[in-house]
Amino acid sequence: MDKTTDTADLAAGEPMSSPPAPDQSDDALVGAVLAGDEAAFKLLFERHRRRLAHIAGHFFRRREQVEEIVQESFAKVYFSLGDYKGAHEASFITWISRITVNACYDELRRARRRPESPISDLTQDEISWLDSRLHAEGPAADLENTALVRDLTEKLLARLGPEDRMVLTLLNAEDLSAAEIARLMGWSVAKVKVRAHRARAALRRALRKYL
Amino acid sequence: MLRKDRRKLDQQLDRLSRSLVPDERLDRVGRELIRASRMSDQEAEAAVSSPFLYPRLRARIAAERELQSRTSDIWLALLRTARRPLTGMVLTTIVAALLLWSASTNGIAANNDDDAFIARETSLDRIVFTNGSSPTSDDVLGALLDQTDSDAPKR
Numbered sequence: 001m002d003k004t005t006d007t008a009d010l011a012a013g014e015p016m017s018s019p020p021a022p023d024q025s026d027d028a029l030v031g032a033v034l035a036g037d038e039a040a041f042k043l044l045f046e047r048h049r050r051r052l053a054h055i056a057g058h059f060f061r062r063r064e065q066v067e068e069i070v071q072e073s074f075a076k077v078y079f080s081l082g083d084y085k086g087a088h089e090a091s092f093i094t095w096i097s098r099i100t101v102n103a104c105y106d107e108l109r110r111a112r113r114r115p116e117s118p119i120s121d122l123t124q125d126e127i128s129w130l131d132s133r134l135h136a137e138g139p140a141a142d143l144e145n146t147a148l149v150r151d152l153t154e155k156l157l158a159r160l161g162p163e164d165r166m167v168l169t170l171l172n173a174e175d176l177s178a179a180e181i182a183r184l185m186g187w188s189v190a191k192v193k194v195r196a197h198r199a200r201a202a203l204r205r206a207l208r209k210y211l
Numbered sequence: 212m213l214r215k216d217r218r219k220l221d222q223q224l225d226r227l228s229r230s231l232v233p234d235e236r237l238d239r240v241g242r243e244l245i246r247a248s249r250m251s252d253q254e255a256e257a258a259v260s261s262p263f264l265y266p267r268l269r270a271r272i273a274a275e276r277e278l279q280s281r282t283s284d285i286w287l288a289l290l291r292t293a294r295r296p297l298t299g300m301v302l303t304t305i306v307a308a309l310l311l312w313s314a315s316t317n318g319i320a321a322n323n324d325d326d327a328f329i330a331r332e333t334s335l336d337r338i339v340f341t342n343g344s345s346p347t348s349d350d351v352l353g354a355l356l357d358q359t360d361s362d363a364p365k366r
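Protein chains in written order, with my numbering: chain P, 1 to 211; chain L, 212 to 366.
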């Protein structure tokens, strides 16, 4: 527990509780946080921060962005713990994953509205790379995660709307099914399928433009 | 001239070759790019390995909590300030409603009185008030003639 929390707890006149056992279930820890145990929240944070960073890392490539999303998600989790229904509806990990995916979606929408993020053109290297990939027969064994691949993907995805980007990333990077995406986003399965169809078409258009 | 045509033809061929790339191949490259550009597990872990991340999160939560309590304080203060005028307005509304109600009930009684009064009035008044509709020019003329007739023996 950090110093600020200790001081805040003491000021609020709350008794200092013993630290929660690390083998406690998520639901038990949520109950403890709701009862005022801040150390239980730290334990939840330590337990799930990697998972949330992993999700954010599929949408954002910069370290600070991932850190920001993880922070924002945990802050939302903290203030919404009262709404968490426990094992009856979904597990804690599914619940926080949904919050993180929504935080990523919000950030993509904000980024789209920002005037300082214009859609830039591809460099000659990127175009040549793309051209060679498109004319190569068969799938690549494993594309290397180079700066060129990242920049190229970022530029291509910047041409898509946030919803299209979400669906394509969840389908291709997270390997989720349409039903799983629907559950995560709170959409219908039909909407996910239609969105995926449109997103693929939009990406094809963006790729064709550079051929 | 020939060179110009050649260039145009090349451009057309180029455009044609672009459109001939099958959708499946474009989808495949798109998929590969998205998959390859995601952050690796190690990178993602490194992004949240800072020892300052949790204190920053606590500070953020504290700031948000303060903001929320300040917002609720503002609402409470507004309610407290508006309490007196609101009470006055509610009382005024009740009094006005009561007055309106009493006026309407008196109005019904007054209407009954009017009928009795009208019964004692001249024929012109009777025409105007009892019918409830505006009198025609014939009615007015008739009433005037009646009045003239009734006034005539007095003279």
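For the record, the hints were derived by calculation from the structure and aren't laboratory data. Everything numeric in this text was worked out from a predicted model, so none of it was measured. Incorrect hints may have been included.
Taking beta-carbon pairs under 8 Å as the criterion, some of the chain P residues facing chain L (in silico) [what the hints assert, rightly or not]:
no., residue
1, 58
2, 78
3, 80
4, 81
5, 133
6, 150
7, 152
8, 155
9, 168
10, 169
11, 203
12, 204
Below are the BS3-like pairs computed for lysine-lysine, each with C-alpha atoms no more than 30 Å apart in a straight line [to be verified]:
no., chain 1, residue 1, chain 2, residue 2
13, P, 155, L, 215
14, P, 191, P, 85
15, P, 193, L, 219
Built from N, CA and C at the ideal position, the CB exists for glycine as well.
A quick look at each hint next to the structure:
{"no.": "1", "hint": "58", "result": "holds, 5 Å"}
{"no.": "2", "hint": "78", "result": "holds, 5 Å"}
{"no.": "3", "hint": "80", "result": "violated, 12 Å"}
{"no.": "4", "hint": "81", "result": "violated, 11 Å"}
{"no.": "5", "hint": "133", "result": "holds, 5 Å"}
{"no.": "6", "hint": "150", "result": "holds, 5 Å"}
{"no.": "7", "hint": "152", "result": "holds, 7 Å"}
{"no.": "8", "hint": "155", "result": "violated, 10 Å"}
{"no.": "9", "hint": "168", "result": "holds, 6 Å"}
{"no.": "10", "hint": "169", "result": "holds, 6 Å"}
{"no.": "11", "hint": "203", "result": "holds, 4 Å"}
{"no.": "12", "hint": "204", "result": "holds, 4 Å"}
{"no.": "13", "hint": "P/155 to L/215", "result": "violated, 34 Å"}
{"no.": "14", "hint": "P/191 to P/85", "result": "holds, 26 Å"}
{"no.": "15", "hint": "P/193 to L/219", "result": "violated, 41 Å"}
Comparing the model with each numbered hint stated earlier shows that hints 3, 4, 8, 13, 15 do not hold.
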